Structures are given as C-alpha cells and as structure tokens.
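Read off the chains here:
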Amino acid sequence: MVINRGTVYEFKKEADEIYDVAVIGAGVIGAFVARELSKYDVSVCLIEKEADVAMGSSKANSGIVHAGYDAVPGSLKAILNVEGNKLMEGVTKELNVPFEKIGSLVVAFSHEEVDVLEQLIKRGSENGVEGLRIISKEELRLLEPALSKEAVTALVAPTAGIVCPYELTIRAAENAVQNGVVPILETQVTGIFYEDDIFIISTNKGKLYSRFVVNVAGLYADNISAMLGDNSFSISPRKGEYLLLDKKQGNMVNHVIFQVPTDKGKGILVTPTVDGNLLIGPNAEDITDKEDVTTTSFGIAEVVKGAQKSVPKTNLNDVITSFSGLRAKPSTGDFIICTSQVNPYFINAAGIESPGLTAAPAIGEYIVNILNTQGLSLKKKMNFDPVCLPFMRTRDMEQKALNELIKKKPQYGRIVCRCEKVTEGEIVESIRRPCGATNLDAVKRRTRAGMGRCQGGFCTPRVVEILSRELGVPMHEVTKLGGNSKILTRKLKL
Amino acid sequence: MAKTDLVIVGGGPAGMAAAIEAHKNGIEDILIIEREEYLGGILRQCVHNGFGIHVFKEELTGPEYAQRFIDKIEELKINYKVDTMVLSISDKREITYINSKEGLGEIKAGAIVLAMGCRERTRGVLNIPGTRPAGVFTAGTAQRFVNIEGYLPGNNIVILGSGDIGLIMARRLTLEGAKVLMVCEILSQPGGLRRNIVQCLDDFNIPLKLQHTVIKIHGNERVEGVTISKVDEDRRPIPGTQEYVECDTLLLSVGLIPENELSYDAGIKLDPSTGGPIVDEHMQTSAEGIFACGNVLHVNDLVDNVTKESMLAGEHAARMLKSKLGKILG
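Each protein sequence line maps, in turn, to chains A and B. Heads up, the first sequence is in the numbering used here, so the first residue is 21 and it goes up one at a time. Heads up, the second sequence is in the numbering used here, so the first residue is 42 and it goes up one at a time.
Because the hints were derived from the structure by calculation, they are not lab data. What you are looking at is a predicted structure, and each value in this text was computed from that prediction instead of being measured. Be aware that one or more of the hints could be misleading.
Straight-line alpha carbon distances no greater than 25 Å define the calculated DMTMM-like cross-link-like pairs of lysine to aspartate or glutamate that follow [claimed, not checked]:
id, chain 1, residue 1, chain 2, residue 2
1, B, Lys349, B, Glu115
2, A, Lys511, B, Glu262
3, B, Lys133, A, Asp416
4, A, Lys506, A, Glu206
5, B, Lys133, A, Glu133
6, A, Lys349, A, Glu103
7, A, Lys511, B, Glu190
8, A, Lys267, B, Asp312
9, A, Lys513, B, Asp244
10, A, Lys506, B, Glu265
11, B, Lys113, B, Glu77
12, B, Lys142, A, Glu133
13, B, Lys122, B, Glu77
14, A, Lys121, A, Asp61
15, A, Lys511, B, Glu287
16, B, Lys257, A, Asp309
17, B, Lys122, B, Glu143
18, A, Lys169, A, Glu133
19, B, Lys310, A, Asp338
20, A, Lys506, B, Glu190
A few chain B positions that, by computed beta-carbon distances, are all more than 12 Å from chain A [unchecked claim]:
id, residue
21, Lys65
22, Thr102
23, Gln108
24, Leu117
25, Gly195
26, Arg212
27, Leu222
28, Phe245
29, Asn341
30, Leu353
Every residue gets a Cβ at the ideal spot worked out from N, C-alpha and C, and that includes glycine.
Using the sequences provided together with the hints, build the complete structure.
Written out as structure tokens, the structure reads:
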C-alpha cells in the first residue's frame, strides 16, 4: 500500500496491518532509516506528529556536512560522521539534492587557539579524516579576504561541505515513500505496548502495529523510550539562533567559517548556503522547553557579535529572517544508537545532535544492521529505485529545455514567487509529489516560494490559492504548518 | 532578438503613465510588461478613495484611478503582456522575460523605463523575536487577501507601524467585522497621512500608541498574542513597560522598499538613502537609455506624484529615442 499524503492515511479498524518496522519520527534520521529499509522487502511506516517531515531539528540547523575532526576518536559521533561524510556525495546525487563540498576553516584568533587546531588535526587523523592542514596567515587571506584581520591562522578541512538540511530530509523521505514506505503524518504516538511479539503503538488517531520499532523521535526520543519503560537516557534541548542574510551577502565567504570549538559546541559559524544566502549562527543556550524555538533579542545580538568576530563586514541591513532550532543533547554525551534496555526489538537512535545531519546516511545503514542482527530478515527488493524523481527548478534550467517544459506544462512559465523565481508548476509539483506538501511552509521548504527578500509578501495569497485548489479545501482551511495554523479566518460575504 | 523602441517594466500607475506620455511624444512601438494578470499594479487592491485629487481634481478609488490609464492604454493601442515576469535586464537594454505562452523571451529595447514599484518591509527585516506562527502579515498582503481574494485574515488584530497601508487596513478590517485593538508606532509621530489618522483610526476609536513597538510574538500555530513595550528616544524598549496583548493577528506596516533587483543586476547605480536608482533631471539612470519612475525610484505618499514623475520619464525616454532615430536617419 503506497499512500502519498500523510493526511489522507486512514487507520483500518479491522484486519489491521502489522508493519515489519515502525519508524517514529520523520526527521533526517527517520527519513534515512526509512529509505534504507525501503531497499528491502519489509513493510515500513514512518510516523510523524507534525504535518510534514523535517519539522524539528532537521529544519533549523547549520546545514553543514562536517569533515569529522571534532568528535572523540572511537565514539559513535566520530565513526558515523566520517562514514556519513563519505556517503553524502553519492546519496545527494541519487536524491537530487545540491551538495557543495566547499571545505571548512576553523579560524584561530590567538596562539592558544592554534594549539587547539593542532589537537583537532590529531583527532581528525585518528578519526580517518583526510586532507586536514593548518595554513599560513597569507594563504588564509587569499582564501578568505573578508575574514577579520585578527585571524592568526586556520585549519582547513577540504572534505566538509554544505547541504540544505530539510531538502535532504524531504528527498530521502520522498524516495522512501516512492519505494513503498507509508508516511503517517500528523499522528502523535501516545503509548507503546509489547504483547504477543507485537508492538501496539497508540496514537491520537488510532492504533498501529509492528514487529520492530525504531525510535528516532529527536528531542522526544527519551519520552518515546520511556513509554516502553526504558528511562536509561534523557534528551535536553539546547537552542541555537540563526540569522539568514540576503543573497547579496552570499559571496562574503567561500568556506564554512568556524571558530575554535568550546565545550558549548562548535561556536558561531559564517557560511554560504547552497541556495546562495549567507547564514550566521548558532549560539547555544540550554533550555527546558522542547517546543521553544523562539528567537530572542539577546540571542540575535550574540549571533551578530560572534559572526562579526570572524567576518567584520557581515551587514545586518541584509538580514532576511531569523530562526532558531533545538539540538537534541543526550545525557550520555554520544549518539545513543542501540537496542532498548527493556526490549531487543525496539531500537533507539537518540541524542543525534551535531554531526547528526552528516551522519544520517550512515546511521540509516547502522540501524538497519542492528535490525538485521535482532532478527529482521532482509531480502533485497528487486525494484528499489534509489533515484529521487527529479524536481524541476525552472531558474536552473537551460532555455531550450525550459521552453519545451513550458510548452507541455504552461504552469512552469508563470512565476509565483518573484524573489526566488518559483513557478506555479513547481508549487503544484511540490504538492503532488510522494509525501507532498500540505501547507504553506511545506511548499516553501520544497520550492523556496516565500523564502526570498519579501518573505512571502507577494506570493502567499497565490500559494494559498494553489494549495486550496490542489488539496480541494477552501482557502480559509489552508494552514501555515498544519494543526490550527490556519492562515485566514473566514470568507467574506460578497 | 525581437526589437522594441520602448519597453516599460511594470504596468502599475508609473508604467502606464510613462507609456502614455511616451506615446504622446511620438513613440508608438511600446511594450509594457506586467507580472500580475491585469494592468493596474497595487492600485487594484486599494479600494479606498483619495486618489486623483491632484491629477484629475476629483477623488477616485484605486481601481478607478488605474482604470482611467488602462482605458487610455487600450485607446492608444499600446501593447502589453500581462502574467509575464522580467527576469533580467542588461546594461545594453536586453530584456529576458518569462510567461506561460511564450516561455523564455528576449527583447532588445531602444529605451527602458523601470517601473517595478516597491515591496513591504517584513518581520525578518525588523528581527522581531518570538515564535513564527500563522497570523503575521504585512499590511499589503492582508489587503490583497481582503480586497482581491475576499477573505478575512484575522479577528483580533494588532497593527505595528502607522504607515498609510496599515491605517487604511485598520479601517478596512474593522468594517469587515474584525477588531483592531491598536496601532503601535515606534516613533513619536505617526507615519501616515494626517487624513488617514483621522478617518481610519480616530473615527473608529482605534488607539494609536506612539513610541510603542512589538518586542515578541507568541503562539506556536496561530498568533496568540504579542508583547508590546514603550520605547525611549533611541527606539529601545524601556524595561518595565511591557504589556501582553492577546490577539490572533499581527499586521506590519513598517515601510516600503523600492524593488530594484533588476536594476541592481543591470549594474545601475542605486542611491543608498532611497534604495532606488540615481537619476538625472530626465529620470535617466546611470545606464544610458534606462529610465526609472514611481515607487521603484523612491516611495511616494501619493499616486498623483507617481503619475507626474512618470510622465516626465516617458517624455524623456521618447525624446531620447527620437533624437537617436534622428541621428540614424539623418
């Protein structure tokens, strides 16, 4: 059974299907676990409480593919980071996701910090990271002319890169669904029981059944684990705030610019994004509320200060938007990826903070191996298609190809989002695809409509109209991000 | 590549006035390119009156004001393409556009008039902290929802900024049954016209809170409230003056920015204070043969002024074309 849209999924009252594996959480890890499983002849559902995939940490992070010199050698973070980094090129090619291996710099501002760079090199080589080197001040200036004059030297990691984190998640989920995974969105798990070798998963929409469970619930992984009685770890949110700057600033730097890491994390970075913007952030604040993605004037000031330390010319007049994301900080200090202490058929993958995005493809493989060891039989599916259906982006197309497309589908000639040059055709496609968009923000993440300078000022009414038409719901039922986030209150009397 | 004497980018009040005036000055080969489905620009959604007092000596609504120009364009048989977006302009006056009928098209123009108008400043530019729920709109987007689409964007509304669109929307939303709780203005003076303060706020008992701003947005799915605060002379929130206001909508009327992405990419020099191109007394930009007028140049309070300055741009574009033609023919 293949169902394209989570929201149309209906729980069957009788003869309930028992899935081989229920994956709880459709962030980047859940999406890659689901995709990895979809290579085999097993039935899989991907359960998500929000109205789209990539709604938690996966949509608001730095989008960095880390080289792997940070993590303590031998840790899961170190192993899966380096492994994930190696897989990223191939995976992004299959999924049609832009990945730019632009390299990263860790910039030292004092001689004490140079010592830290030496330690990072040592760690990196133990972890198996290739190409690390420390460069001279002169070379640094050539590589990054906009960098602060206070910078002494830098560690170069050529294997680091940038990727759009939610695009990677969306495409991995789409590809999983394309290969048979059932997405069950807007469905919150409320309880898990194990009876007669079957997991009974209670949700706000009814019960689901599976033989194995993979808990990749991000910030809530401890809560999900506790439902089964495993309280062996806890996850606490660590907030990071970001500012996104106009594409005018996108060429300010050529690499991902880090400062020397502290115990609070990798510090505030300055990086171009794959879409050509400049991203600065994050700060790091330990909080208690797992839903608190507010931005604060204090946090924004901290980010600005940090970014300007590296790149003094960072121009705040070019800020387009600010946002914040939460890291899922594990109580153990390392990724927790193993069978639950109370049930061998329940796999936890928790505390996947940085470098989780980089590690995601490797974590997918790692978890499927654990499932296999625990008795899930894996027979390769003959018709698995690793290639995600290409998403036409008219702004990147050659004139001839674009004109042929417009002749066939005139909607690709009508620009809806002026700032990002997104056509009606792309918006319609984003809704119709497997695991397609059902709300305004979901369209935005898939097409970039509304992500430009005017932040949806002009295109919001038109996108709402298209969503209304495509989903067959009235305009005033269309939401920004699912749930009660309706954009309009009511239709006016004519 | 197709050739046209004069291409006008934007079919709002500025573009239409420039086209008509150029025609009056002897240029017939004119093309207006408009990205919306109809000519008229932002006037289409400005259903209130007060337009045309200077140009027509009478009070018209926005659509009525626009219609006078549209009728003239039709009468003069000036060409236009609607639902067509200009993607780029080169300093050699080569224009690339896209629409669903022709796909990508290119035109070489003898002269160009830039009349793309402006866009609204957003929450992102202001960096208002808080959550990112549904229910935060710029005033112009809300205006489109109400006046073009026919939907109410919210029930209990706080407006930040006392620009004219915000004031007009305070009245419009009240008339449609919403409750506008207050208009907050960070400065000590309102931003909009005096008549709009009186007719849109005072007449409806909507409080205008000067030297107040929104410092936080609350609500995860839909706006649930905003925190407002009094500000000091340097526009910084004064501690202890915060107040939570329950509402489901925040409307932003915090200024307009000339929309100059095309000009910028064409290498045209922009004035950092207005955000628009630097023009000479003939409305010509730093690129030869490229003129600019209306809100793309600097944000105007009155459309009548847009019309007057755009006529000037149209006239000078025509004169330049004629003198060039004269040179070639002579």
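We went through each hint and held it up to the structure:
With a C-alpha separation of about 20 Å, the suggested pairing of Lys349/B with Glu115/B holds against the 25 Å cut-off. A distance of roughly 20 Å separates the Cα atoms of Lys511/A and Glu262/B; the hinted pair therefore holds under the 25 Å criterion. Taking the CA atoms of Lys133/B and Asp416/A, the gap is about 23 Å. The hint holds against a cut of 25 Å. Using a Cα cut-off of 25 Å, the hinted pair Lys506/A and Glu206/A holds, with the two alpha carbons roughly 15 Å apart.
For the proposed pair Lys133/B and Glu133/A, the alpha carbon gap of about 51 Å is over 25 Å, so the pair is violated. Taking the CA atoms of Lys349/A and Glu103/A, the gap is about 21 Å. The hint holds against a cut of 25 Å. Only pairs whose Cα atoms come within 25 Å are accepted, and Lys511/A paired with Glu190/B is accepted, the gap being roughly 9 Å. Between the alpha carbons of Lys267/A and Asp312/B the distance comes to roughly 19 Å, so the proposed pair stays at or under 25 Å and holds.
A distance of roughly 24 Å separates the Cα atoms of Lys513/A and Asp244/B; the hinted pair therefore holds under the 25 Å criterion. Of the pairs offered as hints, the one joining Lys506/A and Glu265/B holds, with about 13 Å between alpha carbons and a cut-off of 25 Å not exceeded. Annotation: proposed proximity of Lys113/B to Glu77/B holds, straight-line Cα distance about 19 Å (limit 25 Å). With a C-alpha separation of about 60 Å, the suggested pair Lys142/B and Glu133/A falls outside the 25 Å cut-off, and the hint is violated.
Straight-line distance between C-alpha atoms of Lys122/B and Glu77/B comes to about 10 Å, which keeps the hinted pair within the 25 Å bound. A C-alpha spacing of about 34 Å is found between Lys121/A and Asp61/A, which places the hinted pair above 25 Å, so the restraint is violated. Taking the CA atoms of Lys511/A and Glu287/B, the gap is about 23 Å. The hint holds against a cut of 25 Å. A C-alpha spacing of about 17 Å is found between Lys257/B and Asp309/A, which places the hinted pair at or below 25 Å, so the restraint holds.
Taking the CA atoms of Lys122/B and Glu143/B, the gap is about 11 Å. The hint holds against a cut of 25 Å. At most 25 Å may separate the alpha-carbon atoms for a hinted pair to count; Lys169/A and Glu133/A meet this at roughly 15 Å. For the hint linking Lys310/B to Asp338/A, the alpha-carbon distance of about 18 Å falls within 25 Å, and the restraint holds. Between Lys506/A and Glu190/B, the direct Cα distance comes to roughly 16 Å. Compliance with the 25 Å bound is thereby established for this hinted pair.
Lys65/B, annotated as away from the interface, keeps every beta carbon of chain A farther than 12 Å; the closest lies near 31 Å. At roughly 17 Å, the least C-beta separation between Thr102/B and chain A is larger than 12 Å, which holds for a residue marked as non-interface. Taking the minimum C-beta to C-beta distance to chain A, about 20 Å, the non-interface status of Gln108/B holds against the 12 Å cut. With a least beta-carbon separation of about 27 Å from chain A, Leu117/B lies farther than 12 Å from that chain, consistent with its non-interface assignment.
A beta-carbon of chain A is positioned within 12 Å of the beta-carbon of Gly195/B; the least distance is around 6 Å. For Arg212/B, the shortest C-beta to C-beta distance to chain A comes to about 15 Å, beyond the 12 Å cut-off, and the non-interface label holds. Its beta-carbon lying about 15 Å from the closest one in chain A, Leu222/B satisfies the requirement of being farther than 12 Å from that chain. With a cut of 12 Å on Cβ distances, Phe245/B stays outside the contact zone with chain A, its closest approach being about 18 Å.
Every C-beta of chain A lies more than 12 Å from that of Asn341/B, the closest at about 19 Å, which supports listing it as non-interface. With a least beta-carbon separation of about 27 Å from chain A, Leu353/B lies farther than 12 Å from that chain, consistent with its non-interface assignment.
Violation of the numbered hints given earlier is confined to hints 5, 12, 14, 25; the remaining hints are satisfied by the structure.
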